[in-house]
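As given, the protein sequences belong to chains H and E, one line each in that order. Going by the numbering used here, the first residue of the first sequence is number 1, and it counts up by one from there. Going by the numbering used here, the first residue of the second sequence is number 1, and it counts up by one from there.
In short, the hints are calculated from the structure, not lab data. Given the structure is predicted, the values throughout are model-derived calculations rather than measurements. One should not assume that every hint holds.
[Unchecked claim] With a straight-line cut-off of 27 angstroms between C-alpha atoms, the simulated BS3-like cross-links for lysine-lysine are:
no., chain 1, residue 1, chain 2, residue 2
1, H, Lys-14, E, Lys-148
2, E, Lys-58, E, Lys-149
3, H, Lys-14, E, Lys-58
4, E, Lys-58, E, Lys-148
5, H, Lys-107, E, Lys-140
6, E, Lys-140, E, Lys-58
7, E, Lys-12, E, Lys-150
8, E, Lys-148, E, Lys-77
9, H, Lys-14, E, Lys-149
10, E, Lys-150, E, Lys-58
11, E, Lys-77, E, Lys-7
12, H, Lys-73, H, Lys-3
13, H, Lys-14, H, Lys-73
14, H, Lys-3, H, Lys-107
15, E, Lys-149, H, Lys-73
16, E, Lys-58, E, Lys-77
17, E, Lys-140, E, Lys-19
18, H, Lys-14, E, Lys-150
19, E, Lys-150, E, Lys-140
20, H, Lys-120, H, Lys-3
21, E, Lys-77, H, Lys-73
22, E, Lys-7, E, Lys-150
23, E, Lys-149, E, Lys-65
24, E, Lys-149, E, Lys-12
25, E, Lys-77, E, Lys-150
26, E, Lys-12, E, Lys-77
27, E, Lys-65, H, Lys-14
28, E, Lys-77, H, Lys-120
29, E, Lys-12, E, Lys-65
30, H, Lys-14, E, Lys-77
31, E, Lys-58, H, Lys-107
32, E, Lys-150, E, Lys-19
33, E, Lys-7, E, Lys-19
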Amino acid sequence: MSKVVIVPCSGIGKSYGTVAREGAYVVTEDLRPDTTQRVPLSLLVLGDEQAHADVVGAPSITIDGCKLACATKMVTESGGTVAHDPSAPLRASLAVLDVYRRHRDLKPAGIAELNEGGQKLAQALAEEVVTLVDALSTADSLPLSQNDGGGAGDGGQNA
Amino acid sequence: MSEEMLKLTIDKFTFRVPKGLYFNDAGAWVRLEGSVARLGLSDFAQQRSGDMAFAEVKPVETLLKPGDEFASIETIKVNVILPSPVTGVIAEINHALEDAPELINQDPYGEGWLVVVELTDWDNDTSRLLDAEAYYALIKRQAEEEMKKK
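Chain H extracted, bound-state conformation (with noise of 0.2 angstroms):
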């Protein structure tokens, strides 16, 4: 099986996109190297080629760090799939806020540097993660749903 793909928010300027970066770093060289790769949402939104291949070629795994949901809408917009379990909790577009609201002590600070509770929140995150890869590497087939941008917010926008 091809590796599942991790696609975190780009993490710029804001804490929440850090802690969805650092958090999928954790997964892809710490805890699940042989069976995760990290596509960057940058190449993504430039067209790069290769990652296009990476994400139309496995199941993906998104991080969104807020509402707007870039990295799902990237991703489904990129011809790609985010695993989609509609009959058990496992979605496979996590926020880093709804991870935020099961560990309220963990509260994120900092852009270029996490504070101690980004860096407990982003390790949090990646285990969420790694459940997630888990089941996917696992499964002989889970549903997949090419335009699934639920769970990560409702697109909204922010002042």
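Fit chain E to the known structure of chain H by using the hints.
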């Protein structure tokens, strides 16, 4: 609920202000419903604050006077304590916000309401509140000032 809206568009953002509601300058709105008032956070205030992480309101039977904290919100950007715009007693709270504080972002004048207050001094309260037109003018000034800082 269908209400006539004033709409303010600044840059890529549009802020809605329903006619018929009252506001304080912190962005709490008041919808009069007989002897009670429903309170919430304005569209401008919610967009300015960002994605809601947590919303907490004071419990039923809490006595309020203008300026007293009646709710607090934590977003990805800020922590905000909301001062009450009215005098009275909290009669009902929106329990849906415990699991879904994002309702404040998604539907600030509807499903995202915060509390219902049994009013005890409405005549004096109204003298301190802004109507929709006055609140529109206030947020227009604030939004334009923020745009100048960019």
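May I ask which of the numbered hints given earlier this structure violates, with the numbers listed in increasing order? 2, 3, 4, 5, 6, 10, 14, 15, 23, 27, 29, 32
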